[in-house]
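One letter stands for each residue in the lines below.
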Amino acid sequence: DTAVSQTPKYLVTQMGNDKSIKCEQNLGHDTMYWYKQDSKKFLKIMFSYNNKELIINETVPNRFSPKSPDKAHLNLHINSLELGDSAVYFCASSPWTGGQYNEQFFGPGTRLTVL
Amino acid sequence: AQSVTQLGSHVSVSEGALVLLRCNYSSSVPPYLFWYVQYPNQGLQLLLKYTSAATLVKGINGFEAEFKKSETSFHLTKPSAHMSDAAEYFCAVTYNQGGKLIFGQGTELSVKP
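So the protein lines, in turn, are chains L and X. Residues in the first sequence are numbered consecutively from 1, following my numbering. Residues in the second sequence are numbered consecutively from 1, following my numbering.
Treat the hints as calculated values from the structure; they're not laboratory data. Please note that the accuracy of each hint is not assured.
Stated by the list, open to error - Pulled a few chain X residues facing chain L out of the computed Cβ check, cut under 7 angstroms:
id	residue
1	Gly43
2	Leu44
3	Leu46
4	Lys49
5	Gly99
6	Lys100
7	Phe103
8	Gly106
All C-beta atoms in this analysis are idealised placements derived from N, C-alpha and C, irrespective of residue type, glycine included.
Given these sequences and hints, build the entire structure.
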């Protein structure tokens with residue numbers, strides 16, 4: 001299947017731990033994103049990468065570090081997890097044609113619970 | 001600051017009734033506009049998009065939306081609701097600032113039998 005995939009789907013961990021979420025897309029897109037959906041279902045962008053280069057860092061704490069080893073992958077590493085990090089994290093990707101960004105395709109989400 | 005407002009966090013309609021979900025954006029510069037749907041415990045799926053072509057946009061599952069620049073609106077409609085339409089709907093805009101999507105607060109659509 002062509003899609004955006006994320007692992008794990010659920011992540012439960014203790015405060016202070018370090019965890020990673022992986023994202024892969026096989027759509028051949030140039031741009032990838034991370035979004036956070038809070039408990040009220042509000043969605044906000046965290047990062048975007050275009051061809052492995054960071055384009056957007058939306059005032060996210062330094063504890064969050066995205067890494068893009070290649071165009072098809074954008075992983076999210078979180079250090080020293082806090083209770084407020086509990087949320088659903090969505091990865092997305094989009095093509096980049098003619099200098100214009102297009103609609104984004106979303107992964108299934110990773111529900112992170114920090115205890 | 002650029003923002004998107006969805007009027008009504010929860011809309012309830014009867015099966016077969018008209019669905020109208022409202023979305024307004026705050027900018028004098030026309031953005032690209034999108035409607036996404038999120039079913040429980042799933043990711044977001046694109047319903048339709050406006051990218052400065054036709055102002056009436058048709059999407060999947062019988063949904064359509066009309067871009068009205070004078071009203072800075074992009075309301076989503078469906079003539080006849082189906083039980084399977086029950087979900088969370090998000091309006092979003094982008095001004096191509098690195099592809100950043102700005103989302104509205106979401107509207108939960110309930111469909112009564």
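Out of the numbered hints, which ones does the structure contradict?
-> none
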